[in-house]
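Keeping their order, the protein sequence lines are chains A and B. Count along the first sequence from 1, add 2, and you get the number used in our numbering. Count along the second sequence from 1, add 2, and you get the number used in our numbering.
Fair warning: there could be bad hints in the mix.
[As the list claims (entries may be wrong)] Quick list of simulated restraints, FRET-style, between CB atoms:
1) A/Gly44 with B/Gly156: 22 to 32 Å
2) A/Gly267 with B/Glu123: 27 to 37 Å
3) A/Val172 with B/Gly201: 24 to 34 Å
4) B/Ala159 with A/Pro27: 48 to 58 Å
5) B/Ser304 with A/Asn8: 52 to 62 Å
6) B/Lys276 with A/Ala159: 50 to 60 Å
If you're looking for bench data, these hints aren't it; they were derived computationally from the structure. Just so it is clear, CB atoms sit at the ideal spot from N, CA and C, and this is done for glycine as well.
2 protein chains.
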Amino acid sequence: MNTKPNSVELIEVAPRDGLQNEKVPVSTADKIQLIERSFAAGYRQVEVTSFAHPKLVPQMADAEAVMAGILPKWKDKVLIGLALNARGAERAVAAGCNQINYVCVASDTFAAKNQNSTSAELTARAADVAEIAKGAGVPLSISIATGFGCPFEGEIALSRVIDIARAVLVHDPVEIGFADTIGCGVPTQVTEMMAAAHGLSRTVKWRMHFHDTRHTGVANAIAAVHAGVDYLDASVGGVGGCPFAPAATGNVAAEDLVYSFNRMGIATGLDLGKLIDTAHWLGGVLGKPLPSAVARAGQFPSTAA
Amino acid sequence: MNTKPNSVELIEVAPRDGLQNEKVPVSTADKIQLIERSFAAGYRQVEVTSFAHPKLVPQMADAEAVMAGILPKWKDKVLIGLALNARGAERAVAAGCNQINYVCVASDTFAAKNQNSTSAELTARAADVAEIAKGAGVPLSISIATGFGCPFEGEIALSRVIDIARAVLVHDPVEIGFADTIGCGVPTQVTEMMAAAHGLSRTVKWRMHFHDTRHTGVANAIAAVHAGVDYLDASVGGVGGCPFAPAATGNVAAEDLVYSFNRMGIATGLDLGKLIDTAHWLGGVLGKPLPSAVARAGQFPSTAA
Numbered sequence: 003m004n005t006k007p008n009s010v011e012l013i014e015v016a017p018r019d020g021l022q023n024e025k026v027p028v029s030t031a032d033k034i035q036l037i038e039r040s041f042a043a044g045y046r047q048v049e050v051t052s053f054a055h056p057k058l059v060p061q062m063a064d065a066e067a068v069m070a071g072i073l074p075k076w077k078d079k080v081l082i083g084l085a086l087n088a089r090g091a092e093r094a095v096a097a098g099c100n101q102i103n104y105v106c107v108a109s110d111t112f113a114a115k116n117q118n119s120t121s122a123e124l125t126a127r128a129a130d131v132a133e134i135a136k137g138a139g140v141p142l143s144i145s146i147a148t149g150f151g152c153p154f155e156g157e158i159a160l161s162r163v164i165d166i167a168r169a170v171l172v173h174d175p176v177e178i179g180f181a182d183t184i185g186c187g188v189p190t191q192v193t194e195m196m197a198a199a200h201g202l203s204r205t206v207k208w209r210m211h212f213h214d215t216r217h218t219g220v221a222n223a224i225a226a227v228h229a230g231v232d233y234l235d236a237s238v239g240g241v242g243g244c245p246f247a248p249a250a251t252g253n254v255a256a257e258d259l260v261y262s263f264n265r266m267g268i269a270t271g272l273d274l275g276k277l278i279d280t281a282h283w284l285g286g287v288l289g290k291p292l293p294s295a296v297a298r299a300g301q302f303p304s305t306a307a
Numbered sequence: 003m004n005t006k007p008n009s010v011e012l013i014e015v016a017p018r019d020g021l022q023n024e025k026v027p028v029s030t031a032d033k034i035q036l037i038e039r040s041f042a043a044g045y046r047q048v049e050v051t052s053f054a055h056p057k058l059v060p061q062m063a064d065a066e067a068v069m070a071g072i073l074p075k076w077k078d079k080v081l082i083g084l085a086l087n088a089r090g091a092e093r094a095v096a097a098g099c100n101q102i103n104y105v106c107v108a109s110d111t112f113a114a115k116n117q118n119s120t121s122a123e124l125t126a127r128a129a130d131v132a133e134i135a136k137g138a139g140v141p142l143s144i145s146i147a148t149g150f151g152c153p154f155e156g157e158i159a160l161s162r163v164i165d166i167a168r169a170v171l172v173h174d175p176v177e178i179g180f181a182d183t184i185g186c187g188v189p190t191q192v193t194e195m196m197a198a199a200h201g202l203s204r205t206v207k208w209r210m211h212f213h214d215t216r217h218t219g220v221a222n223a224i225a226a227v228h229a230g231v232d233y234l235d236a237s238v239g240g241v242g243g244c245p246f247a248p249a250a251t252g253n254v255a256a257e258d259l260v261y262s263f264n265r266m267g268i269a270t271g272l273d274l275g276k277l278i279d280t281a282h283w284l285g286g287v288l289g290k291p292l293p294s295a296v297a298r299a300g301q302f303p304s305t306a307a
């Protein structure tokens, strides 16, 4: 592609993917503040919570309370709720989410550990979630996890990822995302995956989701923009991680992406100073330094807005 | 350029740039082991030490002893000694270095703090070092620091960097390097700088030197390879830093570069497993975790050589 577009839209995922594995309980009020800070920094889309079973993901047990705290004030924003099955989708609709995100997995071993299913079962289950979303008039997005590699099975053939994307396109999602769940991907994979995705559809929006586990996150994000990706997930401070990849660091940090994009002339509409402030605040909430490099090192030039 | 070459040569700089600011004294024996481990991992060129004044850089006070420890066994490798003036160059020649690296600085404020000189004085002083190198028949390389930005002056115009490169070309260096001393650079700068450099000379070798302070190191290195750079500096474990940029992390980690390059089909001739082993060993010597992501997270697939 190498179209070198001059803008890309980021989706903030810290309130869900960033926090869900944190051991420190985060209060509902702090989750709401994190979401409101995201909107104040310029985000249009935020993955606000997960409607997973509270016993499996206790950090997200207050999903309904978080939604109640941000509605109706932020109803004009895209409030994405993660739902891994029909029950989750029903909860997301009832709570007022105006987008549901469902997760397929490209690897059977990861699918078994993450969702107690096979890869094919998860692809099939998208129909259940899609039916509820359609019935409620709520847009559906679908993520494909371990698309760049699996911690148990190693390399994942691009064809497996694209086959899943092709299969779920029948549900008319507004967007399909490819996730580098364990942060093993490199830019050549990004470029090939985006080319294959555009071969499937030029109308659905394509999203990519990177972790910076091996310091490839920024390079992958730049490659994705050059390849014409529509959306990039990011998490303020770089919070997040994966329970099945112990050495993994978090999602690629929003500040790190926006810093590079700003200096490369790629517009995001986000306020880097506010993102850095939020990263410092969130580090205080979680009681630890966060992985973001730019939040630690600061902007350059230091006088930049 | 975007020639997408399928190989690049890395230069290991941990023994000099990596260690020089470390507060923990590193023994001469450990420095020698670090250099020998570098050659065992496949490096041809190592920046082995600095011939700065021992009072200014006490960690490098054993420069002659380090050289004595690796000669004559490693005389067929490129043993680069840093020399900031004629006295340093004389010491490097006497110690048996077969390449001398001199440092110019693109910013006056940084030049004053780092070498107590103006930018122009440092460019002029290259002649003193070049005369000694030429007289001894030792190849000269020249680095240009703060080429991507200065912590005090902010943005540095590309023309300033290129003017210095043009001025020092008269000394017939084998190689000129551009250093992102404080880790603020982005890939678009890399591409523009390489294009301007190739406009100056297609015969001198061009090198780039990145720090991962804002997580742009890997992206910059990939951009440099695509733009036809000849050599990239790297440091095992990502050790290093800059005394004038307190929040800076180290040089871009050799493991992080080799991991990405391996998976992108860019050959370096280096053994990633041995680099990771060396990073773990060096972390033990320094008594702290090192910034490298790949040394921490491990290879992918985990069974990779």
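To see whether the hints hold, each was checked on the structure:
no., hint, verdict
1, A/Gly44 with B/Gly156: 22 to 32 Å, "24 Å, holds"
2, A/Gly267 with B/Glu123: 27 to 37 Å, "35 Å, holds"
3, A/Val172 with B/Gly201: 24 to 34 Å, "53 Å, violated"
4, B/Ala159 with A/Pro27: 48 to 58 Å, "51 Å, holds"
5, B/Ser304 with A/Asn8: 52 to 62 Å, "39 Å, violated"
6, B/Lys276 with A/Ala159: 50 to 60 Å, "29 Å, violated"
Comparing the model with each earlier hint shows violations of hints 3, 5 and 6; every other hint is respected.
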